[in-house]
Amino acid sequence: MEKAFLVHNEVVYTYEKLLAVLSNKENYSSYLYVKDNHPYEVFLAIIHSLLFDYPIELLDGDFSEKEIGELGLHVKDVLMITKMAEPSHFIHFDEILQKIQAIEKWHITLYTSGTTGRPKKVSHSFQSITRNVKKHTKLENDVWAYAYNPTHMAGLQVFFQALLNQNTLIYVFGEPMKWVPELIEKYGVTNISATSTFYRNVLPYLQEDIYSTIKRVTFGGEKFDTVLEGKLKSIFPNAKMTNVYASTEAGSLFAAQGDTFEIREEHLQFVKITTEQELCIHESLLRQSNSLVSNDMWFHTGDLIEMIDETHFKFLSRRSDMINVGGYKVNPLEVEHLLIQVPGVIDILVKSKKNSVTGELLVADVIKNDEVDEKELKKEIKQFATTHLQEWKVPRIIKFVDKLPSTRTGKKVRK
Amino acid sequence: MDKLLDIINEMREEAGNNTIEALASSMDLREDLHLDSLMLAELTVRLEDEFDVDIFEDGIVQTIGEIIVKIEGK
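Going down the list, the sequences are from chains V and R. The first sequence lines up with residues 1099 to 1513 when you count with this note's numbering. The second sequence lines up with residues 8 to 81 when you count with this note's numbering.
Think of the hints as simulated: they come from the structure by calculation, not from any bench. There could be a bad hint or two in this list.
DEER-style ranges, computed between Cβ atoms [unchecked claim]: (1) V:S1332 <-> R:G72: 53 to 59 Å; (2) V:D1160 <-> R:K10: 38 to 44 Å; (3) R:A29 <-> V:K1473: 40 to 46 Å; (4) R:S44 <-> V:Q1355: 39 to 45 Å; (5) R:H41 <-> V:E1363: 53 to 59 Å; (6) V:G1400 <-> R:H41: 36 to 42 Å; (7) V:K1427 <-> R:V76: 31 to 37 Å; (8) V:K1473 <-> R:I67: 18 to 24 Å; (9) V:K1427 <-> R:E17: 24 to 30 Å; (10) R:G72 <-> V:G1400: 43 to 49 Å; (11) R:S44 <-> V:D1175: 29 to 35 Å; (12) V:S1332 <-> R:I67: 25 to 31 Å; (13) R:S44 <-> V:G1400: 28 to 34 Å.
All figures in this text were calculated on a predicted structure; none of them were measured in a lab. Ideal placement from N, C-alpha and C gives every residue a C-beta, glycine not left out.
Turn these sequences into a full structure, and let the hints steer you where they fit.
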């Protein structure tokens, strides 16, 4: 059977077809702005830019015209296409890999997804964006469940990992979760890389079975959830679990087993922590990014961490996520991490509610299991919280919802 | 007053406390109903959701009667 490059919405795109389309492509654009971020079109455009060595700028297909304007761009420029000078013919995928080796002008530009403030522009060279890609013959038959937005950093990391090993991508981002078990079985998925939010929401559809083909499960983008890891281990008994710290600005930098990240020795001098426990990364680890680095050449990540020893740290929270309840600082992730253990809770989002008494107050949106009574569950969540947490960390008002809002990258939105 | 009683009882119930039979205007929020600042914050948010009025907007509210005035006078 011809090896699939991508499976999306029941359509199989083979490597053969990819080569044919790349050979016959008559025009191109240096901007990528694809409606609904159709993954095949996104990937095709990126590969094309690599083959013909021109820079490409990725715009999230979810951006509105207004948002495009706010980035200082015009939609008409973004949609402008250039005709190819002459056609090329590619017969073997290896030709593509060879051409990629020789690129000079190519770089990829994307925008940070920052939930607050204007998105920032960041450019990466091929070397910086593929810094953590592992290429090996034993990885040739990997099949990836692709659970990220393809126009953002995490998605690109998975894309390059898969492309350079000529793997198959099974697109599951934004698709109904109930399809996931069937897709894993049908295509023999071996690797999944996703946010904790994704895993939590797909879990109810997976937990009846065991999926032995999965050999690696990667977490990224959010605080690692050890309880979730435990649940996934029983569903994916053969999987090694890894946790990745990556950002749009720096690409993928640290990997972890469990929740403890390791700073590689060669990176040690480029990483520091402020007195407020914020992780800072020296600009030499970032590539070609504009307006990110302050005068002292250290990029403040906005991530609060706890150093375990000189080369290991744990992620605590996003700086902007901290909530101030009557003068007490609360890390909503800590509360979520605890309350997700209450039986009947599938996922939980703890956020702030402004009020004139304590400034902010914790409230929670909860996705619950269908079998549990709302009133009872509210009581149990509060009881559990009261037993395990200081009183200002107890979410006072609990609402049940079908879905939690998430950013374009699939992380929870706390505002 | 009935709606206010419902809201207070909902809070009490969720927190694992007994419900109360009736409210009186003279009841003191802190002395009689034993609401601490976090509970008052919770009550404020719940009342704001229901009646669209911030009872603590312009200072301290002591009694049930004062809440009623705020809700009715909005």
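Hints and how they fare:
At roughly 57 Å, the beta-carbon separation of S1332 of chain V and G72 of chain R lies within the given 53 to 59 Å, and the hint holds. Against the hinted window of 38 to 44 Å, the Cβ-Cβ separation of D1160 of chain V and K10 of chain R comes to about 41 Å, which satisfies the hint. In this structure, A29 of chain R and K1473 of chain V break the distance hint of 40 to 46 Å, their C-beta atoms being roughly 22 Å apart. The beta-carbon spacing between S44 of chain R and Q1355 of chain V, approximately 42 Å, falls within the hinted interval of 39 to 45 Å.
Between H41 of chain R and E1363 of chain V the Cβ separation comes to about 57 Å, which falls inside the hinted range of 53 to 59 Å. Between G1400 of chain V and H41 of chain R the Cβ separation comes to about 40 Å, which falls inside the hinted range of 36 to 42 Å. Separation of K1427 of chain V from V76 of chain R is about 35 Å and conforms to the stated range, judged on CB atoms against 31 to 37 Å. Separation of K1473 of chain V from I67 of chain R is about 32 Å and departs from the stated range, judged on CB atoms against 18 to 24 Å.
For K1427 of chain V paired with E17 of chain R, a C-beta distance near 28 Å keeps the hint of 24 to 30 Å intact. A hinted range of 43 to 49 Å holds for the C-beta pair G72 of chain R and G1400 of chain V, which are about 47 Å apart. At roughly 55 Å, the beta carbons of S44 of chain R and D1175 of chain V sit outside the given window of 29 to 35 Å. Against the hinted window of 25 to 31 Å, the Cβ-Cβ separation of S1332 of chain V and I67 of chain R comes to about 53 Å, which falls outside the hint.
For the pair S44 of chain R and G1400 of chain V, the supplied restraint of 28 to 34 Å holds, since their beta-carbon distance comes to about 30 Å.
Checked against the numbered hints above, the structure violates hints 3, 8, 11 and 12; every other hint is satisfied.
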